[in-house]
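Line order of the protein sequences matches chains P and Y. The first sequence begins at 1 in our numbering and counts up by one. The second sequence begins at 141 in our numbering and counts up by one.
Keep in mind that the hints were calculated from the coordinates and are not lab data. Keep in mind it's a predicted model, so treat the numbers as computed, not measured. Ideal Cβ positions, reconstructed from N, Cα and C, are used throughout, including at glycine. A couple of the hints might just be wrong.
As the list claims (entries may be wrong) - Among the chain P residues that face chain Y by a calculated CB cut under 7 Å, a handful are:
#: 1; residue: 68
#: 2; residue: 69
#: 3; residue: 73
#: 4; residue: 76
#: 5; residue: 77
#: 6; residue: 80
#: 7; residue: 90
#: 8; residue: 92
#: 9; residue: 93
#: 10; residue: 94
#: 11; residue: 95
Unchecked claim - From the derived model, a few chain Y residues whose C-beta atoms are all more than 12 Å from chain P:
#: 12; residue: 159
#: 13; residue: 165
#: 14; residue: 352
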Amino acid sequence: MKGNLVLRVVSKFLIPLIVLFALYVQFHGDFGPGGGFQAGVIFATAFVLYDLVFGDGSARAVVPPGWLHRLAAVGVLIYGGVGIYSLLAGRPFLDYSALADDPVHGQHLGVLLVELGVGIAVFSVVLLIFYAFSGRSSRR
Amino acid sequence: MTLWDHLPVLVVIIPLMAGPLCVLTEHPRAAWIVALAAAWLSFAAAVVLAAQVSDTGTISYHLGGWEPPWGIEYRIDTLGSYVLLIVTAIPALVLVAAKESVVHEIPESLIARFYGAFMLAFAGLAGIVATGDAFNVFVFLEISSLSSYALISMGRDRRALTASFEYLVMGTIGATFILIGIGFLYMMTGTLNMQDLAERLPAVLETRAVRAGFAFLTVGIGLKLAMFPLHLWLPNAYAYAPSAVTAFLAATATKVAVYALLRFLFDVFGFEFALRDMPLDHILMILGLAGILTASLVAVFQEDIKRMLAYSSVAQIGYMVLGISLASTTGVIAATLHVFNHALMKGVLFLALGAVVYRIGGVTLRDFAGLGRRMPWTMASIVLGGLSLIGVPPTVGFITKWYLLLGTLEQGLWPVAILVLIGSLLALLYVWKLVEAAYFEPVPEGAATVREAPWSMLLPIWLLVGANIYFGMHTEVTVGLATQAANELMGLRP
Numbered sequence: 001m002k003g004n005l006v007l008r009v010v011s012k013f014l015i016p017l018i019v020l021f022a023l024y025v026q027f028h029g030d031f032g033p034g035g036g037f038q039a040g041v042i043f044a045t046a047f048v049l050y051d052l053v054f055g056d057g058s059a060r061a062v063v064p065p066g067w068l069h070r071l072a073a074v075g076v077l078i079y080g081g082v083g084i085y086s087l088l089a090g091r092p093f094l095d096y097s098a099l100a101d102d103p104v105h106g107q108h109l110g111v112l113l114v115e116l117g118v119g120i121a122v123f124s125v126v127l128l129i130f131y132a133f134s135g136r137s138s139r140r
Numbered sequence: 141m142t143l144w145d146h147l148p149v150l151v152v153i154i155p156l157m158a159g160p161l162c163v164l165t166e167h168p169r170a171a172w173i174v175a176l177a178a179a180w181l182s183f184a185a186a187v188v189l190a191a192q193v194s195d196t197g198t199i200s201y202h203l204g205g206w207e208p209p210w211g212i213e214y215r216i217d218t219l220g221s222y223v224l225l226i227v228t229a230i231p232a233l234v235l236v237a238a239k240e241s242v243v244h245e246i247p248e249s250l251i252a253r254f255y256g257a258f259m260l261a262f263a264g265l266a267g268i269v270a271t272g273d274a275f276n277v278f279v280f281l282e283i284s285s286l287s288s289y290a291l292i293s294m295g296r297d298r299r300a301l302t303a304s305f306e307y308l309v310m311g312t313i314g315a316t317f318i319l320i321g322i323g324f325l326y327m328m329t330g331t332l333n334m335q336d337l338a339e340r341l342p343a344v345l346e347t348r349a350v351r352a353g354f355a356f357l358t359v360g361i362g363l364k365l366a367m368f369p370l371h372l373w374l375p376n377a378y379a380y381a382p383s384a385v386t387a388f389l390a391a392t393a394t395k396v397a398v399y400a401l402l403r404f405l406f407d408v409f410g411f412e413f414a415l416r417d418m419p420l421d422h423i424l425m426i427l428g429l430a431g432i433l434t435a436s437l438v439a440v441f442q443e444d445i446k447r448m449l450a451y452s453s454v455a456q457i458g459y460m461v462l463g464i465s466l467a468s469t470t471g472v473i474a475a476t477l478h479v480f481n482h483a484l485m486k487g488v489l490f491l492a493l494g495a496v497v498y499r500i501g502g503v504t505l506r507d508f509a510g511l512g513r514r515m516p517w518t519m520a521s522i523v524l525g526g527l528s529l530i531g532v533p534p535t536v537g538f539i540t541k542w543y544l545l546l547g548t549l550e551q552g553l554w555p556v557a558i559l560v561l562i563g564s565l566l567a568l569l570y571v572w573k574l575v576e577a578a579y580f581e582p583v584p585e586g587a588a589t590v591r592e593a594p595w596s597m598l599l600p601i602w603l604l605v606g607a608n609i610y611f612g613m614h615t616e617v618t619v620g621l622a623t624q625a626a627n628e629l630m631g632l633r634p
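Next up, chain P with everything else stripped away, as it sits in the complex (with noise of 0.2 Å):
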């Protein structure tokens, strides 16, 4: 799609704001509609219109696969790690009245770390899908 002019200024303008929206819902998940998965998923289109757009591969060079599944790992461990701290603070696992003096600060804190923790493996899964599917005609 390297001849498509407009398709490419349309997609470098659009690329940014996707990104953008991706981190609205991503941190006004708990206030409002959205949270980590949608967010999750809105910032992996980004890289895969990039790469669609812009010819196969080039994602690759900005985003390499190798740390997509350690991305994936951190994300889970984030999530995991909340609770776990909630546990060793005495609190039932994943309380989030623990992680604050103020139990509501602690409540928002906690489902905002959460929630980042699901945005982050749900991107590198994601985008770790979309990897898999183009990247058997890049390698031809």
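Following the hints, position chain Y against chain P.
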């Protein structure tokens, strides 16, 4: 809260966190150490938990500090602690043996991720047992299923990929059915907590939505259970998966599905509705018997021993289903005992097959020729595991057959008792084929000399053989726990 109060959740969390840690190590040996340590920690937690439950009764743990039925509750009763013991013990032992066999069978670059998937499957299975929330059961079921699809696809044979895909399709249908079933129950009661469901369901039992939900749940769990005739995914999946995975899944995955079936039939719906008002008792009895007979018969004619034992697993599941279908305390004792005992026998057999693959390279009947002289210890364990499978005293197999026969005779079902005995005879036939090849046939000409399996494989195999015989002679622990679990299941709605 001290650490001891967190055990219900720790049993699940330790393997769940070990999964991503294994991936992050990216080193075969380091990943193995993390997985092994986590599995044994989880097993230790399950042992302490079982002691706690027998001291103080059912333990309820509120995730995130939210009271049930609003929050997610982990609920460990006698049945749960009993099944947790086996679900955590088997992977702990399998991982000891897995070190050599995984290096042998799986490409080095994938080993760390293999252990990651292994621990996730482990966490999913433990989670199904620990949770008291119907939707949580579905989530953990998907965690364990998705990771076991990945594990099966890592087999050396390329047919592992199609086997894994078949399982993926069937397993997804099963999981979807379970989700639809839970959805119907939620629609009618507005709750997902199992205890709460059990309280609210009687008022709406006569509605079509609940009956449809019941049907969806039963068929969905039946698919996961590999209940005849929904077992078609199982033989290929077990035959082509890596040896360690076969041993792990054969000994735990279907057992956990039996546990889920018991939970939903007896705790959530109550057996009077599930097995008396609905004709499920007759259906389960016919399917159980058909499974025992056909799968045993097919097993007799298998050349690939892994496939033979996979079909034998389908038959053994038939025994458990038959025990449930009796809808009596003795029947449920037989089913819960067989959950435990079958895990012990199949653990021995599939681990020993892993050792044979490791030394000989294959497990067809031809590879077994003269194996009794080439790998005496491994072969002896296969014979003992086989005896347990047939149900010869003093092995655990005898104990379950005994209770199953008692249960059928209690209700005067002579023909069923005779069919169960015929099933045992068929088991004798296929185990005899192995013995004949291993001890009465000469070692093939020009076969390379092989050594006995390494001790890291023999140790877990013989520990399990020991358990097969120990629990066959000292039945107080297992039968005591199973009896108590059965009484709790039957007594919830007297």
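Earlier hints that do not hold, by number: 1, 12, 13
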